[in-house]
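As a plain string of letters, each chain reads:
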Amino acid sequence: MSVVDKDAAAPAAASASPAAPAAKQSPSWRLLLDAKWRWYEFAFWLCAAASFWVFPRKLMLLSEIFILGLLALSIDLVLGFAGLVTLGQGAFFGIGAYAAGLMAQAGMGAAPLSDPLLGLLVAGLVAGLVGFATSFLVLRGSDLTRLMVTLGVALIVEELIVKFKDITGGSDGLQGVLSSPVLGLWSFDLFGYTAFWYSLTVTFVIFLFCRRLIHSNYGLSLLAIKGNPLRARTIGMPVNARLVSIYTIAAAIAGVSGGLLTQTTQFASPDMAAFHRSADALLILIFGGAGYLYGGLLGAVAFRVMQDFLGNITPQYWLFYVGLVLVLLVLFVRGGIIGLMMAMRDKISPRDDKDAGGRQ
Amino acid sequence: MSVVLETKNLVKRFGGITATDNVTFSLPSGARHALIGPNGAGKTTFVNLLSGVLPATSGKVILNGEDITEWTVRDRSRAGLARTFQINQLYPDLTPLKSVLIAINERENAATSWFPRLGSRSDLVDEAAALLTRLNLGERMHERVGSMPYGLQRLLEIAIALASKPKVLLLDEPAAGVPEGEREQILDVVAALPDHVSLILIEHDMDLVFRFAKTLSVLVNGALFVEGTRDEIANDPRVRQVYLGEEVIAHG
Chain A
2 MSVVDKDAAA PAAASASPAA PAAKQSPSWR LLLDAKWRWY EFAFWLCAAA
52 SFWVFPRKLM LLSEIFILGL LALSIDLVLG FAGLVTLGQG AFFGIGAYAA
102 GLMAQAGMGA APLSDPLLGL LVAGLVAGLV GFATSFLVLR GSDLTRLMVT
152 LGVALIVEEL IVKFKDITGG SDGLQGVLSS PVLGLWSFDL FGYTAFWYSL
202 TVTFVIFLFC RRLIHSNYGL SLLAIKGNPL RARTIGMPVN ARLVSIYTIA
252 AAIAGVSGGL LTQTTQFASP DMAAFHRSAD ALLILIFGGA GYLYGGLLGA
302 VAFRVMQDFL GNITPQYWLF YVGLVLVLLV LFVRGGIIGL MMAMRDKISP
352 RDDKDAGGRQ
Chain B
1464 MSVVLETKNL VKRFGGITAT DNVTFSLPSG ARHALIGPNG AGKTTFVNLL
1514 SGVLPATSGK VILNGEDITE WTVRDRSRAG LARTFQINQL YPDLTPLKSV
1564 LIAINERENA ATSWFPRLGS RSDLVDEAAA LLTRLNLGER MHERVGSMPY
1614 GLQRLLEIAI ALASKPKVLL LDEPAAGVPE GEREQILDVV AALPDHVSLI
1664 LIEHDMDLVF RFAKTLSVLV NGALFVEGTR DEIANDPRVR QVYLGEEVIA
1714 HG
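Quick note, the sequences are listed as chains A and B, same order. So the mapping is simple: my numbering equals the position in the first sequence, first residue as 1, plus 1. So the mapping is simple: my numbering equals the position in the second sequence, first residue as 1, plus 1463.
Hints listed in this document are in silico derivations from the structure and should not be mistaken for laboratory results. What you are looking at is a predicted structure, and each value in this text was computed from that prediction instead of being measured. Heads up, a few of these hints could be off.
[Unchecked claim] Short derived list, chain A residues pointing at chain B, Cβ under 8 Å: (1) 35; (2) 106; (3) 134; (4) 138; (5) 212; (6) 214; (7) 231; (8) 235.
Every residue gets a Cβ at the ideal spot worked out from N, C-alpha and C, and that includes glycine.
So here's chain B without its partners, still in its complex pose (with noise of 0.2 Å):
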């Protein structure tokens, strides 16, 4: 299988905290994969290390086989590579129709048009209106971000970060925060996503990252600990220790 998204011994480093430690990693196209590791393992910056929200320290990423490590947020999402984010980062003042629709009016470079109307481009609109119908968002297109359940803010977070068309597509913690009533939905979602879009979840609810992923990297003070399939790492007697250990004793 191809890879997609790689990453050469890439490093970053806060004043002497060493957040991400020469991490080498390499994601095949169409992979469902997840990343965990214990609070403080350096996920997160991980992610945006690759998204280029933070830069790097050194080392490289790359993504189809070009280096993007100087890439801006901008021209990385231009190129396939899209995200969520761990805490919400939404317009709460619009509407999910018009959320959803501003990414797709980037993508289809039709953001800078400014004489023909907002709804113009009704095959636009419709897309827009599709995907969030998908995403079960149809019925509250209409109504202020803000204002809506913590749980569908989630969900739109996937839906605007999928209306770019992405190759590949980062989920920092999806259902984080989300109560439990709620939580399916978000689980359905992630399990429905194309398989041309390759994945990688990152995760504290070990009941999704098992039933979602088919490979683990896990992350141990910035530097990778372990990968493998699903099974492996399930049975690693060194990854329960470090980070199932309390999980599996808590399961009995």
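Only chain A is shown next, with the shape it has when bound in the complex (with noise of 0.2 Å):
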């Protein structure tokens, strides 16, 4: 969501005012505003931190909406900056949840194995190396094939759940799961106190890390591949071990989510690896804008709020105006929520200049 606020896209009116050092106007200089923190951003966190006091009572279900949003976010990484179809985000976010879950039952519930941020850590990891292993697989072919791949690879991970009854409980999944308390300070509560900050906290950080990484070079040559694979491979990128790359680290983030859900939910099962999981995540980037950041984030809040409001309205029949909203999303809006409001204000206050700004 970085749009070129109005004293960076116009550098004719910077170059009126002399006094403007010369640095202000080099090209690095441009370049580095890319990577400045807008009002909206901040309005934005702000938001979520607040809810905690406007919706006391739904807690956990806003908890659950930053790890929505936090697995759209990893399949942003892939698809809105590397270009890269994945229908299998799911996998990861599960094999983190049952991780986590692991994790967090080999130690009773007790400091130091249940610790909630070592059951992350290793969460990330497991997912992370699946996510390496598998995605050598993804680096061939068409993006029908990428996507059969993701899929595939997915449908295999539920599977194995099932199967490993032993380990994973099967399709009962883990129960009872206990962490000990965040920090040694904040055990986990039945009205998601810490629930809500815990997951936010993690999705937030995670969030600074994603858009550190966006904003450099190496998110550059990630917008490269997205935009010309054939002419990022000509002067001289390696293509496939920057795909492997992001694509392990977007495996790393899932499993993270994943294992913040088990956690925060103390709960694992099956259906964490499901299919419609990965889709669903697809759908709330999709809903809120690829490319962005804050897509996924806000796409998850847009999905949660629909399914809460229509669910109530018709019960069975609310995915029938998830479908509407995203088909009328996809023809008529570029870019979910984010390209709505980004026309809107277009709309508004017409950009005089045709500058490349937003999207990067």
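Could you fit the two chains together into a complex? Lean on the hints.
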């Protein structure tokens, strides 16, 4: 969602004021602006924190929204920035969920093994490892091939979870997963106080990491692969190695989000690696808008609010409306909710420059 | 003069069609060489074989004495072989500055740095900006590439190729499809390329070929038909017959 704001987007205006130092108009200064925090970014995270006091009875739901948003963010890294389509992110979510769950069970709810942060670390590492191993499968072929490969991997993971009953509890899942208190201070409670702040903090920290990653030379090279892989190769870029790295990072993040869900709900089931998990996460990202970093988080809010709201009105057919909104968004608005907001802003205050600030 | 790039009995077949037929060719360093031939003569296929976009059926490609036939596109690029494409291969959603910076970052092994912000290596950004300015793209380095006029996009193709500081540059019809008014700019850029870059130019535009190239190869049906200096080719009756014939008559 890095939209160049007005003073950045008008070099003519900047050069008109002779007081501005020369360095302020330099090309590198212009690029550094991309990574600048915008007011709406602060607003977004403040709203996220404030929701604790606005919806005190919905803390578990809010915590789940952050977790879903984090999962969608991991898809954004591969789809929105590197241009790699995936329908299998749920596999890594499930692996992370079980890794964290088994860690917590091994520690019997006491530190050090049941420490939630250690659990997340292990969840991320294990999911990242599986992501690395399977990344080589998605390097070949077209988008359709990739989609099928990621889908296949997810199905295999789900089946393996069901099959290895002794470890995973089979289709019953892992029940009563108890983590020790976060940092030894805050234990997970029934109302979701700890769950809320824990999920929000972890999501925010990982978001900061992703934001930094995207606004770096490395992030730019991912955009090159998305923009034109042939060109990227012919200027000497190791395209495959780059894709392996981002796919692995995204898998690790999906693993952490899965671990978060297990720890906050004290439960893990094969459902966490199921196909609909991957599909929902992809849908959430498209809903919010891919390639802006915030699409997954906004999409998760919209998706769960719609589910909650429509679920009350028409419990059986709410998916009909989700489908309808999705079709309308994809057909008429480029870039989901964020695309819609940007189009509205341009309507209200049209910008006369043709600057390429957005979407990078 | 030493040879930078050569091919030995290079063959490319697509099913029953021989697109490149036993081509043995060498490019001296610092060359200004043009590859001409009628439509379908296999010029672009030949460039694809040199740059590794297509694998050869048989034969060898040698760069600086090293057999690079089996090398990937990426490795050839790192070894100093750059190219442009007949059909633009750009990043439509990025800016010219970023497009060029991507190539410079790869060359300088700076592309894997993930923590410092984009633009913090001001030396590399300044180099990208200077290159764009040299190619008359300086004013528009922050625009969206996909929205720029076609002629400027063709220039950016060349800028991106130059950003990797190549030893050999393959220009595949740099002026193709460029409207008359913007053509001159591209010709100037091609003429001003540094001497230490060896060039192969594929072009239909005979003005550009004869203005720029010192030596020429004529490709017919995938095979080398004749090679020589500009004057030799211009006066060769066989070449006139297969290729320049119409042109000469047309200019009357």
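With a cut-off of 8 Å, does the beta carbon of residue 214 of chain A approach a beta carbon of chain B closely enough for the hint to hold?
holds, 5 Å
Restraint satisfaction for residue 106 of chain A [CB to CB of chain B, less than 8 Å]:
It is violated, given that the least Cβ distance between residue 106 of chain A and chain B is near 35 Å, above 8 Å.
Residue 35 of chain A as an interface hint toward chain B, with CB separation required under 8 Å
holds, 6 Å
Per-residue hint verdict: residue 212 of chain A, partner chain B, C-beta under 8 Å
violated, 10 Å
Holds or violated: is the Cβ of residue 235 of chain A closer than 8 Å to a Cβ in chain B?
holds, 6 Å
Does the closest beta carbon of chain B sit nearer than 8 Å to the beta carbon of residue 134 of chain A?
violated, 21 Å
When the least beta-carbon distance from residue 138 of chain A to chain B is tested against 8 Å, hint result
With Cβ-Cβ at 19 Å, over 8 Å, it is violated.
Is the shortest C-beta separation between residue 231 of chain A and chain B less than 8 Å?
holds, 6 Å
In this structure, the hints that do not hold are numbers 2, 3, 4 and 5, in rising order.
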